[in-house]
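Peer 1: Model the full structure from these sequences, guided by the hints.
Just so you know, the sequences run in chain order A and B.
Per the working numbering, the very first residue in the first sequence carries number 5; after that it's consecutive.
Per the working numbering, the very first residue in the second sequence carries number 26; after that it's consecutive.
Don't take every hint at face value.
What the hints assert, rightly or not - Derived lysine-lysine pairs resembling BS3-like cross-links, with alpha carbons at most 30 Å apart:
id	chain 1	residue 1	chain 2	residue 2
1	A	Lys144	B	Lys85
2	A	Lys276	B	Lys140
3	A	Lys265	B	Lys177
4	B	Lys177	A	Lys57
5	B	Lys79	A	Lys114
What the hints contain is simulated information worked out from the structure, not anything from laboratory work.
Keep in mind that this is a model prediction, so the values were computed, not measured.
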Amino acid sequence: MKKILAATFIISSFLFSCDSDPDVSKVQNDTTTKAKSGKAPISPQVIKEFVDKIPSPMVISSLIRDIGVDYDQTLLNSIDNESKYNNDYRWALNLGVFSTDLGYANIYEKSQDAINLLVGVKDMADQLKIGQYFEFEKIKELAKSSDKLDELLRVTEENLQQVNTKLQESDRSDMTVLIITGGWIEVMYLATNVAQKKPNKDLESIIAEQKIVLDQLITLLNYYDSMPKMRTLHDELVELDKIFEKVKVTYIKGESKQVEKDGQLVIEQGEKSEIEMSKEVLDEITAKVASIRNKVVS
Amino acid sequence: MKRICFISVVLACAFSISFAQKTKENKKSNSSVACNAEEQVNKCVQSLRPLGYKFLKSYKLEGNAAKPIEYQYTLSKGTTYFISIQPADPDAKLKVSLYDQDGRMVASSYNSAMKKFYPSIEMRCQRTGVYTIAFSHESKQDYCAASVLGFKR
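Peer 2: Here it is in C-alpha cells:
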C-alpha cells in the first residue's frame, strides 16, 4: 500500500512539475494524442513545449531585409498553386508556407502582396476547418498600415497560438507540426536563396545554426512515423540534417556581464559560438531545401 | 453516544472539505476576474517600438510564488532580444531570468547586489540555442502580469 501511495505521489509530483503553463492544465485533461505510431503517445503538453520553442520565421525575414536585400516576390509561393492542394497534409504545410510569406511581405511593407498571401492563409485555414480562429479582417486592415507592424505581428502570432491550441485539443497535433514545419522550410528557402544572391556572413551564420531548429522538427515528426506522408517528410529532413552535420560549430566559454544603460538592464553574453560553413555546404543546403520546398508547394 | 460522536466528526469533516473547496473555487474565480493580462500585454507591446524592437511573443502570467512559470524559446546568435515584464500591481516584485541550454543563468531582471528589480532585460545573443525564460515572484500572493519578447538585429 505504501509503495502504491509513494508511486502515486511521485507520478503526480512529476505531472505537476511539468505543468509550467497555467493554460496547459486545461488542455491536459483532454485525451493524450493518440499513438499514431508504435511509439509512446505524445501529450499535448510536450507538443506545446516543442511548438513554443520553435523560433518565429520573422527573425530571419527581418535579417534578410536588414542586410539590404530587395524584396523578391518571385521567391514566394503563388496563390495559383492553391488548387493543387487537396488534403490536410498539404493544406497544413502550405498554411505554414503562406504564413511565412505573409510575414516576409509585411516586413517589407508590401501590403498588396500581404493581402494576396492572406487569402492563401485563409483558404488553407478554412480547408482545415480552423479559419474561424483567424481574425482575417483585422489582419487585412493592419497589413494596409505601415505603422502598425507590431500590432499586426502580435495579432498574427496570437491567432496562430490559438489555432495550435485548438488543433491540439481536437487531437490534430499532427497539423500543428506540419504548419510549423512548412513555415520553417519556407523561411529556409528564402534565406538560402538570398544568401546565394548576396553573400552575407550574418545570414550564413543564422542558416548554419538552423540545425538546432531542424533537430526539434525531426523529433516532432518522428512521433508520427506511422503516417506515410509524415514519414517521408521526416526522412527528407533527416537527409538535410546530414548535410548540416558538415557545419563546424565551436563554443567559446565566457561569463555574462550585466550593466545598466539609461535605466535598462543590458546583458553581455559571455559564451559565444563560432560557425564554419564552406560554400559547398551552403550550396548543398540550398539545393536540398529547394528540393523539399518544391515538393511542398508544387 | 459513540455513534453520535462518529457521525458528528464525519459531518464536520465533510463540511470543512466542502467549505475549503468552495473557498478555493471562489478565490480562483476572483483571481481570474481580477487578472486582465491582456491590458498588461498591450502596455508591454507599446514599450517595444520606441526602443526599435519588433514583437515576437507574448506571455500572460497568472501565477503564485510557489512555482516559477517557465517557457522555452530558441534564440538566434547576432539578434538582440528584449524581455519586458508588466505586473498589474506596480509594486509587485516580479523577476524574469534567462537560462541557457545547460541550465546556467545568463540574465536576470533582479540585481541582487543592488536589491533592484528592473522592468526589462536586453541581451544580444551570442550563441544560438534553446533558452528558458523563467518568471518568478517574491511575494507569496497570486500575481497577474504579462511579458513580451521582442527582437532587433
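Peer 1: Work down the list of hints and note, for each, if the structure agrees.
Peer 2: Results of checking the hints against the structure:
Distance hint between A/Lys144 and B/Lys85 is fulfilled; the C-alpha atoms sit about 25 Å from each other, no more than 30 Å. Under the criterion of a C-alpha separation no larger than 30 Å, the hint pairing A/Lys276 with B/Lys140 is consistent with the structure, at around 29 Å. Note on A/Lys265 and B/Lys177: the hinted pairing holds, with a Cα-Cα distance of about 17 Å set against a maximum of 30 Å. Restraint check for B/Lys177 and A/Lys57: satisfied, since their Cα atoms lie roughly 18 Å apart, inside the 30 Å limit.
Taken as a hint, the B/Lys79 and A/Lys114 pair is honoured in the structure, with Cα atoms around 17 Å apart against an allowance of 30 Å.
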